[in-house]
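If you use UniProt numbering, the sequence shown corresponds to residues 1 to 508, in order.
Heads up, a few of these hints could be off.
[Said to hold, decoys possible] The calculated SDA-like cross-link candidates involving lysine to any residue, where the alpha carbons are at most 20 Å apart (straight line), are: (1) Lys286 to Lys141; (2) Lys141 to Pro161; (3) Lys49 to Ser89.
[Claimed, not checked] FRET-style restraints, in silico, Cβ to Cβ: (4) Ser162 to His337: 51 to 59 Å; (5) Glu142 to Asn436: 20 to 28 Å; (6) His337 to Gln450: 30 to 38 Å; (7) Trp452 to Glu312: 48 to 56 Å; (8) Tyr58 to Glu457: 55 to 63 Å; (9) Leu416 to Tyr58: 37 to 45 Å; (10) Tyr426 to Lys141: 30 to 38 Å; (11) Asn436 to Asn464: 55 to 63 Å; (12) Lys40 to Glu312: 58 to 66 Å; (13) Glu312 to Gln418: 21 to 29 Å; (14) Lys206 to Tyr58: 13 to 21 Å; (15) Pro432 to Ser407: 21 to 29 Å; (16) Asp352 to Val78: 29 to 37 Å.
Source of the hints: derived by calculation from the structure; they are not laboratory data. Where is the CB? At the ideal position from N, CA and C, for every residue including glycine.
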Amino acid sequence: MLPQSNLSKRQVPTMHILVKTCRLLAALKVLDTKDLLIEKVVINGQEVKYALGERQSYKGSPMEISLPIALSKNQEIVIEISFETSPKSSALQWLTPEQTSGKEHPYLFSQCQAIHCRAVLPCQDTPSVKLTYTAEVSVPKELVALMSAIRDGEVPDPEDPSRKIYKFIQKVPIPCYLIALVVGALESRQIGPRTLVWSEKEQVEKSAYEFSETESMLKIAEDLGGPYVWGQYDLLVLPPSFPYGGMENPCLTFVTPTLLAGDKSLSNVIAHEISHSWTGNLVTNKTWDHFWLNEGHTVYLERHICGRLFGEKFRHFNALGGWGELQNSVKTFGETHPFTKLVVDLTDVDPDVAYSSVPYEKGFALLFYLEQLLGGPELFLGFLKAYVEKFSYKSITTDDWKDFLYSYFKDKVDVLNQVDWNAWLYSPGLPPIKPNYDMTLTNACIALSQRWITAKEEDLNSFNATDLKDLSSHQLNEFLAQMLQRMAAALHSIQVGGRNSFGAKDGN
Numbered sequence: 001m002l003p004q005s006n007l008s009k010r011q012v013p014t015m016h017i018l019v020k021t022c023r024l025l026a027a028l029k030v031l032d033t034k035d036l037l038i039e040k041v042v043i044n045g046q047e048v049k050y051a052l053g054e055r056q057s058y059k060g061s062p063m064e065i066s067l068p069i070a071l072s073k074n075q076e077i078v079i080e081i082s083f084e085t086s087p088k089s090s091a092l093q094w095l096t097p098e099q100t101s102g103k104e105h106p107y108l109f110s111q112c113q114a115i116h117c118r119a120v121l122p123c124q125d126t127p128s129v130k131l132t133y134t135a136e137v138s139v140p141k142e143l144v145a146l147m148s149a150i151r152d153g154e155v156p157d158p159e160d161p162s163r164k165i166y167k168f169i170q171k172v173p174i175p176c177y178l179i180a181l182v183v184g185a186l187e188s189r190q191i192g193p194r195t196l197v198w199s200e201k202e203q204v205e206k207s208a209y210e211f212s213e214t215e216s217m218l219k220i221a222e223d224l225g226g227p228y229v230w231g232q233y234d235l236l237v238l239p240p241s242f243p244y245g246g247m248e249n250p251c252l253t254f255v256t257p258t259l260l261a262g263d264k265s266l267s268n269v270i271a272h273e274i275s276h277s278w279t280g281n282l283v284t285n286k287t288w289d290h291f292w293l294n295e296g297h298t299v300y301l302e303r304h305i306c307g308r309l310f311g312e313k314f315r316h317f318n319a320l321g322g323w324g325e326l327q328n329s330v331k332t333f334g335e336t337h338p339f340t341k342l343v344v345d346l347t348d349v350d351p352d353v354a355y356s357s358v359p360y361e362k363g364f365a366l367l368f369y370l371e372q373l374l375g376g377p378e379l380f381l382g383f384l385k386a387y388v389e390k391f392s393y394k395s396i397t398t399d400d401w402k403d404f405l406y407s408y409f410k411d412k413v414d415v416l417n418q419v420d421w422n423a424w425l426y427s428p429g430l431p432p433i434k435p436n437y438d439m440t441l442t443n444a445c446i447a448l449s450q451r452w453i454t455a456k457e458e459d460l461n462s463f464n465a466t467d468l469k470d471l472s473s474h475q476l477n478e479f480l481a482q483m484l485q486r487m488a489a490a491l492h493s494i495q496v497g498g499r500n501s502f503g504a505k506d507g508n
C-alpha cells in the first residue's frame with residue numbers, strides 16, 4: 001500500500017474495504033479523499049462507477065461509489081480501490097537523504113491527525129468511525145517499513161527481487177487518524193518485554209538509553225487504566241522535521257529526537273503517549289469538537305504515572321506548569337476567543353487551526369478540580385478506570401462522559417451539581433475555578449530566581465553550584481523560565497520609565 005515516491009518505482013496502491021451493510025444501500029456515501037488520483041473501483045470483482053465531488057478547501061473531495069446492485073441489510077461486499085497519492089499530500093512527509101541522519105537513503109513518515117488520512121487513502125476520515133486493517137508494504141530491501149499495527153512478517157517481493165514486502169495487522173478497531181506509516185533505514189533495540197525502540201542507526205543507542213523506563217511506565221498505566229490491549233508498544237524516533245513532541249500511533253509511538261536529552265528528563269512525553277493507549281486510542285472523541293476527552297484525560301493519566309515515579313509533589317508541580325501553559329494559550333487567543341472553550345464548535349473549521357494547549361490543560365484542570373471536589377485521587381482514578389472499561393472501542397461525546405460521571409458518582413450528585421458546567425465546558429477563557437496545587441517544588445524555583453534578580457553586585461559571591469544541586473531538571477527549567485520572565489518584566493519597566501522620562505521631548 002505504498003504510494004508512488006522516490007522510494008520506489010511507480011506502483012499503484014490498492015486497498016480493499018470489507019463493508020457489511022446495516023440497511024438497504026444503492027450507493028456508498030461517502031468516502032473522504034484529498035489530492036488522490038483514483039484509477040478504478042472494483043466491487044466483488046466487477047468494476048463500478050464512482051464520482052468525486054467538488055473540492056472543499058481543507059476537506060478535500062467527497063467520493064461516492066455506485067453499487068452494481070442494491071444491497072440488502074447484513075450483506076457483505078469487498079470494495080477494491082486502486083489509487084495514487086500526490087506529492088503534495090498533507091499527510092506524507094518525504095525526506096531526501098540529506099535530511100536524514102545517515103545521509104544515504106530517503107525517508108517517509110505520515111501524520112494523519114486530525115483529518116489527513118484522506119490524503120493517504122480513501123476513508124471515512126472521522127474519529128466517530130473505527131476499523132481494523134491489514135497491510136502489505138513493498139519497499140527497497142535496504143529499507144524498513146513500519147506501521148501502527150503488529151508486524152506480521154516480511155517476504156521478498158515476487159515482482160521485484162530488489163524489494164521486500166512487510167506485512168502488518170491491526171486487530172483493535174481504530175479511527176483513521178491513527179493509521180501511520182514510516183519507511184527508512186531503521187534499526188531497533190529491545191528495551192522491554194513488549195517494546196522495541198526504532199530509529200536510524202546514528203541515534204538508536206541514545207534512544208534505547210533515553211527510553212529504557214518505558215516498561216515501568218506501561219505497568220503503572222495498566223494499574224491505572226486497565227489491561228494494555230495492543231500487544232506491542234514500540235517507539236520510533238523520527239528525524240528532526242517531525243512537527244510534534246509525539247504521536248500516539250497504536251503499537252508504534254512516534255517521538256521527536258529532541259527528547260534525547262541524555263538524562264531521561266523528558267520522559268513525561270512518553271508517559272503521555274503511553275496513556276493514549278487507553279484515553280484517545282481505546283476511548284475516542286466522537287468529533288474534534290470534543291478533543292479534550294482525548295487529551296485532558298491523557299494528561300491526567302500521564303501526570304499520575306509521573307507522580308507514581310517521582311512523587312505526588314512532582315505531579316502537582318507539572319500540573320501547575322500546565323496551568324501556566326493554559327494561561328499563555330488564553331492570552332495568545334484572547335480570553336473571549338471561541339477556541340479557548342473546552343468544547344468547541346468546529347463546523348467548517350479545520351481542526352488544525354484550533355489546535356492549542358487548551359484541550360490538554362483546560363481538560364486536565366477540570367479533571368483535577370473534580371478529583372479534589374469528589375474525594376481525592378484514588379477515588380477519581382476508580383472513576384477513570386471504569387470510564388475506560390465502559391467506553392472502550394467506542395467514540396463518545398462530552399455528554400456521554402458527563403452522564404457516566406453522574407452515574408458513577410450517583411451518591412454525590414449534589415456535589416456535582418455545584419459545578420458550573422456551562423462555564424467549564426462551553427465558556428471561553430480560563431476556568432471559573434483554579435484547582436489547588438502543592439507549591440513546594442515551584443516555590444523553590446521562585447525563591448532562587450528571586451535571589452538572583454534582587455542580588456546586588458556584592459552579593460554574587462554568595463551563589464554557588466550547591467544552589468542547584470537539589471533541583472530536578474524540571475525545576476531547573478522552571479527556574480530559568482522564572483528568571484527570563486522576571487528579567488523581561490524588569491526590562492519592560494526600564495523601557496516604560498525611559499519613555500515616561502524622555503518621551504515628551506521626542507514628541508515635540
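Measure nothing beyond the straight line between the CA atoms of Lys286 and Lys141; if it is 20 Å or shorter, mark the hint as holding. Outside the cut-off at roughly 40 Å; violated.
Could you tell me whether the CB distance from Asn436 to Asn464 stays inside 55 to 63 Å? 35 Å Cβ-Cβ, so the 55 to 63 Å window is violated.
Taking the beta carbons of Pro432 and Ser407, is their distance inside 21 to 29 Å? 24 Å, holds
Holds or violated: Lys49 to Ser89, with C-alpha atoms at most 20 Å apart: 24 Å, violated
Is the gap between the beta carbons of Lys206 and Tyr58 within 13 to 21 Å? 37 Å, violated
Status of the given 20 to 28 Å range, CB of Asn436 versus CB of Glu142: Between Glu142 and Asn436, where Cβ atoms are some 56 Å apart, the hint is violated.
Okay, Asp352 versus Val78 on CB: inside 29 to 37 Å? 33 Å Cβ-Cβ, so the 29 to 37 Å window holds.
Has the hinted range 37 to 45 Å been met by the Cβ atoms of Leu416 and Tyr58? Roughly 38 Å apart at Cβ, these two residues keep to the hinted range, so it holds.
Against the 20 Å threshold, does the CA-CA distance of Lys141 and Pro161 hold or violate the hint? The given pair, whose Cα atoms are some 9 Å apart, holds under the 20 Å limit.
Holds or violated: the 51 to 59 Å window for the beta-carbon distance between Ser162 and His337? 54 Å, holds
Could you see if the CB distance from Glu312 to Gln418 stays within 21 to 29 Å? For Glu312 and Gln418 the Cβ distance comes to about 25 Å; the hint holds.
Against the range 30 to 38 Å, how does the distance between the Cβ atoms of His337 and Gln450 compare: consistent or not? Between His337 and Gln450, where Cβ atoms are some 33 Å apart, the hint holds.
In summary, the numbered hints that this structure violates are 1, 3, 5, 7, 10, 11, 14.
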